[in-house]
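For what it's worth, full-length UniProt numbering labels the leading residue of the sequence shown as 1, then goes sequentially.
No lab work stands behind these hints, which were simulated from the structure alone. Here a beta-carbon is modelled for each residue, glycine too, at the ideal position from N, C-alpha and C. Treat the hints loosely; a few may be bogus.
What the hints assert, rightly or not - Simulated restraints, written as ranges between beta carbons of each label pair:
| # | residue 1 | residue 2 | range |
| --- | --- | --- | --- |
| 1 | T63 | K256 | 29 to 39 Å |
| 2 | A51 | Q259 | 36 to 46 Å |
| 3 | D280 | R236 | 21 to 31 Å |
| 4 | T352 | E148 | 49 to 59 Å |
Said to hold, decoys possible - The calculated BS3-like cross-link candidates involving lysine-lysine, where the alpha carbons are at most 30 Å apart (straight line), are:
| # | residue 1 | residue 2 |
| --- | --- | --- |
| 5 | K228 | K263 |
| 6 | K228 | K256 |
| 7 | K256 | K428 |
| 8 | K320 | K143 |
| 9 | K320 | K263 |
| 10 | K228 | K106 |
| 11 | K27 | K167 |
| 12 | K263 | K143 |
| 13 | K263 | K106 |
| 14 | K106 | K143 |
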Amino acid sequence: MAVSSLRRAYQITKVFRQYRLIELIPKAKRPLLLSLLDSLLFWMGRRATDANASTRTKLALQTLGPVYIKFGQMLSTRRDLLSDDFAEALSQLQDQVPPFDSHQAKALIEEQLGCAVETRFDHFDLTPLASASVAQVHTAQLKGTDEEVVLKVVRPDIEPVIHADLKLMASCAALVDKSQLGKRLRAPEVVEDYRTTILAELDLVQEASNARRLRDNFAGSEALYIPKVYPELCRRKLLVMERIYGIPVTDIDALKAQQTDMKLLAERGVEVFFTQVFRDNFFHADMHPGNIFVSQEDPSNPMYIGIDCGIVGRLSEVDKRCLADLFLAFFNQDYNRLAQVYIGSGWIDSDTNPMEFERALRQVLEPLANKPLSQISFGHLLVELFRCARQFNMEVQPQLVLLEKTLLYVEGLGRQLYPQLDLWQTAKPFLEEWMHEQLGPSAQAKRVKENLPFWLEKLPEMPDLLHDNLQLSKQLLMHPQAALEGYIKQRKKIHNSHYFLVIGSVLLICSTIMLVNFSTIWPSSATAILGVVAWVKAWRLNNR
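Make a model of the complete structure from these sequences and hints.
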């Protein structure tokens, strides 16, 4: 059933008014029309009158339902945009949705498979194992085997709801963007980021592909296990994968009861993160506690189990190098290098005053640098770096937002498992080794080896190119205007020569095809003559 945008807009307006969200916009910056509308809707009443603004915002999103809860969860990771109290309040939002009818779930699974559930599975359990805003999970056993699996099926009619809410979010973001608060929050780009995230969760074929790639990357690893996926049974709205048994990573009491090596577990979380980012350039970007379990097989050698791979991140080689540079420069307290990395990476405008930017970085980061390394949060360091850069019009980098969010999750989880975790002590050797691999002699030798065939191919042209460029430089110094006109004329001549050369080649190929396939002598001969004429024209232009 199509969702009525008008009805949804009314619901949002009502919640907005009830939780006094208008107060998030300072009075002086508040649009007059918005204030008038809030006054006219007095009959809608108020809720949570004693709560502060961040709590009211959390309650409002909770009232609006699953799509807005997930939006709040995503927004809580944008600590470069939000104050700490808002980020903390929104991070408490729970994606807990009652399950939908199990017989309907079974019918949806059969629709996706194109056959009865009993054809593919034994012991299909109608009682859901888990239920969330986008999908529901049931368990079963593969037909004729002892392999236990989980079947994740997208909720019926959730897509129209999501698209309707996204449309309204985009409209609201466009309005908010006109206010001073909106410009700081960059509302449209936040909504666009969320659109990408939520729509990715609807495509379970892509999630299956992500899971298989992560599983391959960590094959044989003692640190992370990704359950097996059955791609032949996966569809856009159905994911079938191995059922796992483990302890939820947040169940500290259960982990301690089985005498898990908590220090090793925490350090392995950091290892897994940096390995995914820097070695594989493919990282699980939704590593909240609900998606992570710990294997029960060997508590003295604990292994993570990761599920729900719908959202992944990638970084370019430039991004990876810049991030490693940022961390190393900070811990070496080299603020000049920090500024150079930002400007050199293109994250902020190249005409930014380096000394002014360095001064801003020093002011923000020096208090952090004076703390013991074990007390410094990588995630919050990254947040402060991005907050500072935003003052110099740093454009949002979606891949860095995902990285920041994941690092905050990983670090928070590591310190929850083992409060004494020294993230820098664990990560620094990894970063330094990676930088050495990228910039050391062996890396340079590898690049030379890779480019050598291309350089050898171009080597015969080098003397002529060098001579032409020296001549051009000499002419530019002596007669700049005439040299420039001559250079432009030369480029036009080369362009025209290439044009006739291509036309001639095409005509000659066509004449051959006509002769071979249709035995048309005269038309093919005429086409060949035109091709030769075009080639001659190209030769004359080139030698004029």
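To see whether the hints hold, each was checked on the structure:
1. T63 x K256: 29 to 39 Å: For K256 against T63, whose Cβ atoms are near 37 Å apart, the range 29 to 39 Å holds.
2. A51 x Q259: 36 to 46 Å: Holds, since A51 and Q259 (Cβ atoms, about 42 Å apart) stay within the stated range.
3. D280 x R236: 21 to 31 Å: 26 Å, holds
4. T352 x E148: 49 to 59 Å: Cβ of T352 to Cβ of E148: about 56 Å, so the range 49 to 59 Å holds.
5. K228 x K263: Since the Cα atoms of K228 and K263 sit roughly 28 Å apart, the hinted pair holds (cutoff 30 Å).
6. K228 x K256: 28 Å, holds
7. K256 x K428: With a Cα-Cα distance of about 28 Å, the restraint between K256 and K428 holds, given a limit of 30 Å.
8. K320 x K143: Given pair K320, K143 is violated - Cα atoms ~45 Å apart, limit 30 Å.
9. K320 x K263: Status holds; Cα separation ~27 Å.
10. K228 x K106: Cα-Cα ~22 Å, so holds.
11. K27 x K167: 27 Å, holds
12. K263 x K143: 41 Å, violated
13. K263 x K106: 43 Å, violated
14. K106 x K143: Judged against 30 Å, a Cα distance of about 16 Å means the pair holds.
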